[in-house]
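Undergrad: Sequence:
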Amino acid sequence: LELHIGAAEHNAYAQEVVEAMQAALETDGQIEIDAPHGDAWVQEESERPLLLIAGGTGFSYVRSILDHCVAQNKTNPIYLYWGARDNCQLYAKDELVEIADKFANVHF
Numbered sequence: 001l002e003l004h005i006g007a008a009e010h011n012a013y014a015q016e017v018v019e020a021m022q023a024a025l026e027t028d029g030q031i032e033i034d035a036p037h038g039d040a041w042v043q044e045e046s047e048r049p050l051l052l053i054a055g056g057t058g059f060s061y062v063r064s065i066l067d068h069c070v071a072q073n074k075t076n077p078i079y080l081y082w083g084a085r086d087n088c089q090l091y092a093k094d095e096l097v098e099i100a101d102k103f104a105n106v107h108f
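Using the UniProt record's numbering, you'd call the opening residue of the sequence shown number 1 and step up by one each time.
Just the calculated beta-carbon pair ranges, DEER-fashion:
| # | residue 1 | residue 2 | range |
| --- | --- | --- | --- |
| 1 | H68 | I33 | 19 to 27 Å |
| 2 | E16 | H68 | 29 to 37 Å |
| 3 | G38 | A14 | 14 to 22 Å |
| 4 | T27 | P77 | 43 to 51 Å |
| 5 | E32 | V97 | 30 to 38 Å |
| 6 | T57 | D28 | 19 to 27 Å |
| 7 | P77 | V17 | 35 to 43 Å |
| 8 | V70 | H10 | 28 to 36 Å |
Straight line, CA to CA, 20 Å or less: simulated EDC-like cross-link-like pairs of lysine to aspartate or glutamate:
| # | residue 1 | residue 2 |
| --- | --- | --- |
| 9 | K74 | E47 |
| 10 | K93 | D67 |
| 11 | K102 | D67 |
| 12 | K74 | E98 |
| 13 | K74 | E45 |
| 14 | K74 | E95 |
In case anyone wonders, no lab produced these hints; they're calculated from the structure.
We treat Cβ as the ideally placed atom computed from N, Cα and C, and that holds for glycine.
All chains should be modelled from the sequences, with the hints used to inform the complete structure.
TA: Shown next as structure tokens:
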């Protein structure tokens with residue numbers, strides 16, 4: 001399970017959530033979360049190019065789709081655009097560069 005939490009220093013609520021999660025992990029190791037409420041899927045049989053667009057922590061959806069496509073050895077072109085307010089918020093940028101370097105059909 002991978003969580004993507006936008007917890008910028010200026011966002012007091014997000015910082016509070018992170019601190020509560022850290023405290024829970026230190027005491028009993030349990031955190032209760034609510035499942036995502038959107039739809040993220042890929043048309044498996046399609047060979048058309050795939051365009052993945054995300055902003056901020058919405059990247060978690062496209063990351064799961066990208067990881068799935070790579071694991072399934074999909075060969076259709078995959079274009080990933082990920083926007084953020086600051087470059088430092090692109091927290092998985094280096095990983096995406098590595099994926100794009102490793103798989104010729106992935107463009108970031």
